[in-house]
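**Student:** Here are the chains, one letter per residue:
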Amino acid sequence: MKPLLSMKGATIRFGGLVAVKEVTFDIRPGDLFGLIGPNGAGKTTCFNLITGMYQVSSGEILFGEDCINGARKLPPNKICELGIARTFQNIRLFGALSALENVVIGGFLRSRSSLFSALTLMPPAIKDTRALEAKAMEYLKVMDLEEDAHTRARDLPYGKQRRLEIARAMATNPKLILLDEPAAGMNPQESEQLSRTVRRIRDDYGKTVLLIEHDMRFVMNLCERIVVLDHGEEIAFGGPDDIRNNPKVIEAYLGEPV
Amino acid sequence: MRFWGVRLASIAGGIGLAVLIHWIALSQLSAFGVRLVVLAGLYVTLAVSLNLINGITGQFSIGHAAFYQVGAYAAGLFTVKVFSSQPLTFMLWVPVAMIVGAVVASAAGLLVGLPSLRLRGDYLAIVTLGFGEIIRILSQNLKVVGAASGMAIEPKMLSQSPMVWLCWLLAIGSIALCRNLLQTAHGLSFLAVREDEIASSAMGINVTRTKVAAFVLGSALAGAAGGFYAHYEGFLIPTQFGMEVSFIILTMVVLGGSGSITGSVIAAVALSALPELLRNIKTIPLATVIGLTIGVIAAVSLGRRWSEQLHGPVRDRVLKLSGLTGLCLGGGYLLGLGLRALPALSEATTDGNRIRMVIFAGTLVLLMLVRPQGVLGHREFGLGKWLREPAR
Chain A
128 MKPLLSMKGA TIRFGGLVAV KEVTFDIRPG DLFGLIGPNG AGKTTCFNLI
178 TGMYQVSSGE ILFGEDCING ARKLPPNKIC ELGIARTFQN IRLFGALSAL
228 ENVVIGGFLR SRSSLFSALT LMPPAIKDTR ALEAKAMEYL KVMDLEEDAH
278 TRARDLPYGK QRRLEIARAM ATNPKLILLD EPAAGMNPQE SEQLSRTVRR
328 IRDDYGKTVL LIEHDMRFVM NLCERIVVLD HGEEIAFGGP DDIRNNPKVI
378 EAYLGEPV
Chain B
284 MRFWGVRLAS IAGGIGLAVL IHWIALSQLS AFGVRLVVLA GLYVTLAVSL
334 NLINGITGQF SIGHAAFYQV GAYAAGLFTV KVFSSQPLTF MLWVPVAMIV
384 GAVVASAAGL LVGLPSLRLR GDYLAIVTLG FGEIIRILSQ NLKVVGAASG
434 MAIEPKMLSQ SPMVWLCWLL AIGSIALCRN LLQTAHGLSF LAVREDEIAS
484 SAMGINVTRT KVAAFVLGSA LAGAAGGFYA HYEGFLIPTQ FGMEVSFIIL
534 TMVVLGGSGS ITGSVIAAVA LSALPELLRN IKTIPLATVI GLTIGVIAAV
584 SLGRRWSEQL HGPVRDRVLK LSGLTGLCLG GGYLLGLGLR ALPALSEATT
634 DGNRIRMVIF AGTLVLLMLV RPQGVLGHRE FGLGKWLREP AR
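For the record, the sequence lines run as chains A and B. Residues 128 to 385, numbered by this note's numbering, are exactly what the first sequence covers, in order. Residues 284 to 675, numbered by this note's numbering, are exactly what the second sequence covers, in order.
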């Protein structure tokens with residue numbers, strides 16, 4: 128099967144520091160893919176490379192057939208248009224706007240009505256806005272947030288903010304969705320529920336998922352394939368069982384089983 | 284069909300309101316009053332257009348008077364050069380000249396917008412400040428616009444019959460454009476850029492294009508206002524567009540509540556009228572001034588401390604705080620009466636006109652102390668639900 132996303136020796140240097148060094152892996156369509164490693168290993172930097180926030184120093188990243196970072200460097204909004212959406216480790220919602228409005232903004236990039244029709248409030252702009260709102264309401268339902276549709280994002284509790292970020296990312300209608308520590312700060316029940324939702328995103332909506340997470344139970348139960356980074360380098364790759372028993376991973380990250 | 288019915292009715296309503304203001308101003312007010320109404324209309328346009336850049340898109344611009352000036356000079360120069368060789372009458376010509384002003388000003392907006400896209404917050408503010416100075420100094424030195432001695436806009440068009448309706452039509456049109464924008468998903472993308480640029484671009488919003496659109500649109504409206512001003516005043520001189528004009532427009536936006544269109548409108552009308560209304564204060568005893576000042580200070584400091592402990596419905600809290608304010612002011616007045624017994628203060632009086640700008644500035648300081656988020660905060664004032672609270 129052709130990979131959906133390929134990292135081909137992606138490297139980024141910040142001055143003398145090599146934050147990500149020749150990372151190479153393929154994500155196939157329909158994967159539930161995990162990216163783990165100790166703090167400062169370069170996981171979020173990988174996300175920033177894939178979404179075009181940073182540009183590779185060498186190597187390249189392909190999305191399908193297209194080079195998105197490397198010989199051709201696309202800006203983040205173009206990459207999102209191609210079909211990669213993300214959430215942020217330190218939640219970045221549009222705080223003063225309602226949950227519904229946040230998700231509408233997620234869907235806005237597929238809107239075709241012009242700025243002129245918005246300024247003059249012509250039928251195309253109104254129709255577009257209504258359609259986006261209806262669609263946004265659906266995504267809020269998927270993430271179990273429909274009751275909070277009109278609450279300001281800033282006023283939502285932490286767990287709901289995390290789910291709202293996923294709903295907003297889903298609204299861009301991506302092929303690949305990147306989740307940066309989606310279960311951080313959640314209690315066991317919440318993360319159990321989140322795990323089911325993420326699986327649904329893959330199974331019911333056909334999205335490919337790449338996620339960063341420190342909650343090992345969450346990752347091992349959910350992800351089918353896992354890459355482990357340490358000091359910017361890839362130290363292991365495989366299914367959950369391979370990773371659990373890999374001596375390098377145990378030394379660098381998991382620690383000895385007690 | 285229903286859509287077009289509502290649309291036509293609202294356009295007719297907008298025009299009707301402009302004509303009503305025109306009629307009231309010309310039939311009821313003195314020449315000075317008419318001037319105030321015109322200036323208020325222009326400031327409403329300026330504040331609403333800066334609110335689009337500053338409050339809605341979150342791009343901190345403090346050089347808005349520069350776009351106003353560019354529009355005024357462009358329209359004025361256009362009239363001076365072209366008017367005598369064309370057939371249009373005054374009434375048709377002024378709108379044409381305003382469009383010219385808008386187009387040139389929006390080009391200036393593009394010019395500032397494009398290079399400043401990578402800048403945020405303070406840095407952008409400095410660039411817009413610099414741009415304002417460049418325009419002012421250019422206009423002081425360019426011979427073609429009369430340099431420092433100014434430029435007369437001949438023939439005089441609006442001095443005999445000021446087209447108050449036109450200036451208010453522009454103001455109402457600006458309000459309508461901004462309001463329309465915020466009703467659509469397009470408008471949400473502008474707000475998204477204000478809230479978080481990184482998240483916006485990660486959600487596929489073209490942040491560059493959004494910012495440039497805001498700058499171009501905002502400066503076009505300011506330019507049209509400038510075009511009207513040029514023909515209304517009949518004479519342009521660089522000092523009319525100094526930095527204090529930029530700051531008063533910015534004050535209107537912040538005071539009304541950044542992002543709130545109705546807030547900008549209310550603040551623009553209030554702040555352009557207040558310094559003039561304060562002229563009506565005639566001679567007052569110095570002791571009263573001192574007493575009232577102490578009363579105001581007491582009201583603010585007590586009120587701020589007390590309001591932290593107050594709970595319950597908004598209306599009750601407002602009532603209690605108004606009561607406190609009334610008591611403090613009354614006390615201040617009585618204190619003033621008492622102070623008059625002092626030999627040093629018994630005869631001393633002050634001219635209202637002299638302390639008018641002090642009162643104006645003091646009012647601004649007070650308002651910001653009492654309501655740092657602006658009069659309306661991020662809310663809009665609506666007739667239907669009185670104070671509606673959509674999250675903005």
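Hints listed in this document are in silico derivations from the structure and should not be mistaken for laboratory results. Please note that the accuracy of each hint is not assured.
Said to hold, decoys possible - Now the in silico label distances, taken between C-beta atoms and shown as ranges:
1) Glu192/A / Arg401/B: 25 to 33 Å
2) Glu273/A / Glu416/B: 50 to 58 Å
3) Arg403/B / Lys375/A: 38 to 46 Å
4) Glu273/A / Ala314/B: 56 to 64 Å
5) Val597/B / Asp193/A: 49 to 57 Å
6) Arg600/B / Pro156/A: 55 to 63 Å
Said to hold, decoys possible - With a straight-line Cα cutoff of 25 Å, these simulated SDA-like cross-link-like pairs (lysine to any residue) come out:
7) Lys287/A / Pro251/A
8) Lys302/A / Arg352/A
9) Lys200/A / Arg492/B
10) Lys205/A / Glu416/B
11) Lys262/A / Gly660/B
Backbone N, C-alpha and C define an ideal beta-carbon position, used for all residues, glycine too.
**Student:** Now tell me if each hint is right for this structure.
**Tutor:** Hint-by-hint comparison with the structure:
{"no.": "1", "hint": "Glu192/A / Arg401/B: 25 to 33 Å", "result": "31 Å, holds"}
{"no.": "2", "hint": "Glu273/A / Glu416/B: 50 to 58 Å", "result": "52 Å, holds"}
{"no.": "3", "hint": "Arg403/B / Lys375/A: 38 to 46 Å", "result": "42 Å, holds"}
{"no.": "4", "hint": "Glu273/A / Ala314/B: 56 to 64 Å", "result": "59 Å, holds"}
{"no.": "5", "hint": "Val597/B / Asp193/A: 49 to 57 Å", "result": "54 Å, holds"}
{"no.": "6", "hint": "Arg600/B / Pro156/A: 55 to 63 Å", "result": "58 Å, holds"}
{"no.": "7", "hint": "Lys287/A / Pro251/A", "result": "32 Å, violated"}
{"no.": "8", "hint": "Lys302/A / Arg352/A", "result": "18 Å, holds"}
{"no.": "9", "hint": "Lys200/A / Arg492/B", "result": "19 Å, holds"}
{"no.": "10", "hint": "Lys205/A / Glu416/B", "result": "37 Å, violated"}
{"no.": "11", "hint": "Lys262/A / Gly660/B", "result": "30 Å, violated"}
In this structure, the hints that do not hold are numbers 7, 10 and 11, in rising order.
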